[in-house]
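Novice: The residues making up each chain are set out below.
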Amino acid sequence: MAVVRINPSSEEYRRFVHLYEVARALRPSKIDRWNRELYATVGEADCWGSLQPDGSFKFSKELVFDKLGDHATPQERVQALTTVLHESNHARVQIDAADEPNAVRSRHSKSLDEGLTEWISVDDVAMFADRAGYGELPDPPAAYPAAYHAANSLLEYPAGADAARRTADRAIDAPVVMRWDVITDEIVKNKLADVVPRDPQHQQAARAELINAMTQLSWGHLDTSQPIVGPVVARDTTRALDNATQRVRDHYTKSPSTPYPTKTASAVSQPHDPGAEMRVLTGLAPAAQAPLSMPELGDRARTDAAHGRVSSSRRGSPNRFGRPVVREP
Amino acid sequence: MRLGEFSSVHATAKRRIQREGVAAVAPAEQELRELLPQLESDEDRRVAINLINRLSGYAVPPKPPTPLMQEALSVERAATESVGSVDERIAIMAAARRRIFEIADRAPADEAPGIRALTRVLEHLESNLRDPDWPQDSNGS
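Chains A and B, in that order, are what the protein sequence lines are.
Per UniProt numbering, the first sequence starts with residue 1, numbered consecutively.
Per UniProt numbering, the second sequence starts with residue 1, numbered consecutively.
If we strip away everything but chain B, and leave its shape as in the complex, we get (with noise of 0.2 Å):
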């Protein structure tokens, strides 16, 4: 088994654990210790039995979103589904992007980055509607 299939498990077990609370915790793990000896190397199963090791973490709830994670999301949410021209939803994307990193440069220092990165998605779909894969999809020709 590759290492990358064990994450996938792992995974699934994670979403499995944060719906359903800490009960699903020791079954998930005694589900992904009996695929460790399918792993491949030593060095695979060192990064798998850490990442069981994560797992009861994750019937912790997450803590809610702070207010400036939440006016970042709500910018990044806004801005993917705003509708106009190509031009407009670029200018629209591209201040989006500017005000979310304007938003993290007032958060803390351990905040900011993930309040940053709500920007890799749109800066793609942005440069897509610059440069489309498919032109005549977006400009209407």
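The following block holds chain A by itself, in its conformation from the complex (with noise of 0.2 Å):
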């Protein structure tokens, strides 16, 4: 396997950067995380290509680049197209949120961004390719990976499934680390609208409340990787929903007037409901504890986060940002 340089005088660049301005003209954005560079890795036949940390981009010249030429069949075609517009979607959002208490900073955010990523680029593609030049190209075909049913799960929770785009065009919109807390202010609105107050206190709190329901006991299984998305967390994490929509129901209908009484790290070993959260938990974010062992992101850091990365120099510092989950009962 090889890794080569992509020359921008070169045809293979142009083809690039003509699909990489018709995804950002489809969906805009202040943000563009693309630093010009790009690479194919030759001979690395399992590999699609990806955003790379540094801001280039690298897509397999077998599966990516050949088959956005002339000699590809339309399914090959619209799966090479399909990666771009995935990648092109990368690289249109921060990933970090600095000082943002409901942030989710785990490899769970990564997790929803892949999925919420591949289920908003497999809608758009069709449409990116004619608009491309492509002409109209089959849809691909209707079987997704595991992450896709995950975050269509998510995405119709809030108010069904003609809503799921609507939410799904806010979260995309939203840096990685935030996807969650546009879900949870969608469920808000949605469900607890007439009990939840206005108010950005009492907002932020019931959202926490929700982020929390999907993460709470993985913080124990740190020594391993557990699994984070496919479709028994999907269907547990409706239920976890469900019971955290009505706690925080129950807690406003007795006290409207007091701001949710989001747990601290140290309250999240009792579960509500073990038998669905056991297993939702293990595989979503521990927004509660994040920051327990979060790095401080302080001005350098911030330029990393800003590129993509979090310092890993910095692992393990007391953090500076607020917790999702902040007032004890």
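No wet-lab data here; the hints were simulated from the structure.
Please note that a few of the clues may not be correct.
[Claimed, not checked] Here are the computed distance ranges between Cβ atoms for each label pair:
id : chain 1 : residue 1 : chain 2 : residue 2 : range
1  : B       : R19       : A       : P138      : 18 to 26 Å
2  : B       : D87       : A       : D242      : 35 to 43 Å
3  : A       : D250      : B       : R19       : 30 to 38 Å
4  : B       : S74       : A       : P138      : 19 to 27 Å
5  : B       : S41       : A       : N7        : 28 to 36 Å
6  : A       : D250      : B       : A78       : 36 to 44 Å
7  : A       : Y13       : B       : R33       : 36 to 44 Å
8  : A       : R36       : B       : R33       : 34 to 42 Å
9  : A       : R5        : B       : A78       : 46 to 54 Å
10 : A       : D66       : B       : Q38       : 34 to 42 Å
11 : B       : G21       : A       : A2        : 47 to 55 Å
12 : B       : D87       : A       : Q246      : 38 to 46 Å
13 : B       : V60       : A       : T73       : 16 to 24 Å
14 : A       : S29       : B       : D42       : 44 to 52 Å
Please read all numbers here as calculations on a predicted model, not as lab measurements.
Just so you know, even glycine gets a beta-carbon here, dropped at the ideal spot from N, CA and C.
Reconstruct the complex from the two isolated chains, following the hints.
Specialist: Next up, the structure:
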């Protein structure tokens, strides 16, 4: 396998720039993480490619670059274009969001990012291909990876299938660490608007509780890498969110003027519904606990984060961020 | 209206047709045609009309996955849901991706790309285990 830099004067580079510009016109963003360096992997037959931490793109010659040219079947071409669109969508958002109390800084945000980005990219690839000059291509087969299904379950939860795309469009615009907050904001608006006051403190606390419903117990298993997406997680996410929504509703029914007393990290070892939440929470983000070992994001680290990385040298530093759960009962 | 915004409406209509069948086609087509004047250019309208013309096809239930696709889906799902150390899960995901490509190599030409595409997300999740955005999260430190 070799990695080859694509010369900016080459046909491959110009073709990619055209696709990238079309993708950004269809979904504009002030953020552009691509550093204009483009690479091809040659002879690495089982990797599609990705946006690299340094801001460059790297794509498979065989699976992507060759299939964007003249010699490809329609299905090969649509998958190459879906890959370009997927990666272009990654490049239009920041990963981190400084000082956001409901940010989820864990690999689980990456999982939601991947599921959501694939969900959106599959949705848009027909339009993208036609607008980019590839004509009408067939839809990709209706067979999706587990992360897609997990994202779909979350997107449909707040207000049903007809509102899923609206939620997705909001979430895909948010920094990667804030996608959970966007989805729970839709839940609060659609399922709890009659009880949760519009005051930002109440809204944030309610969202934090819903985030925590998907996050708690994974903190106890840091020595292993737990499953993070999948049909079981998708199904149980609904149950955990139902329970959390009811907890928020019960609280505001009894104490309408008191912000929801979201739990601290030390309180999360007692799940409300162990049967459901054990499975969910081994899979999803530890929002409440993430700051316990979260790197301190000083100016340098924020610069790193702006390039898609959090400096590992700051691992374990005391955090300066508010937690998504900050209030004791 | 941007073409991307039109695509959002189209995608929602597409899913509704997939759920509700042929009866949902005509209302969806009308809803989308009414948006055409709001698009920013004739080129956008051309693409939008092509998207509208695809809608009736979504009333036909998709073909069930072939045995090879089912096999690949099973491999992808098992790898995604695997439990173990970071190194173990990286190895599981890499092996799953190779396995899915082997399955695709046995598939007809029109099916193989879709099978290979199941690895697009898996590849990224594996990369994130190798080089995580939040190192403290995936190595237990």
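Novice: Could you run down the list of hints and mark each one as holding or not?
Specialist: These are the hints, each one checked on the structure:
no. : hint                       : result
1   : R19/B - P138/A: 18 to 26 Å : holds, 21 Å
2   : D87/B - D242/A: 35 to 43 Å : holds, 36 Å
3   : D250/A - R19/B: 30 to 38 Å : holds, 33 Å
4   : S74/B - P138/A: 19 to 27 Å : holds, 24 Å
5   : S41/B - N7/A: 28 to 36 Å   : holds, 32 Å
6   : D250/A - A78/B: 36 to 44 Å : holds, 38 Å
7   : Y13/A - R33/B: 36 to 44 Å  : holds, 39 Å
8   : R36/A - R33/B: 34 to 42 Å  : holds, 40 Å
9   : R5/A - A78/B: 46 to 54 Å   : violated, 36 Å
10  : D66/A - Q38/B: 34 to 42 Å  : holds, 38 Å
11  : G21/B - A2/A: 47 to 55 Å   : holds, 50 Å
12  : D87/B - Q246/A: 38 to 46 Å : holds, 40 Å
13  : V60/B - T73/A: 16 to 24 Å  : holds, 22 Å
14  : S29/A - D42/B: 44 to 52 Å  : violated, 25 Å
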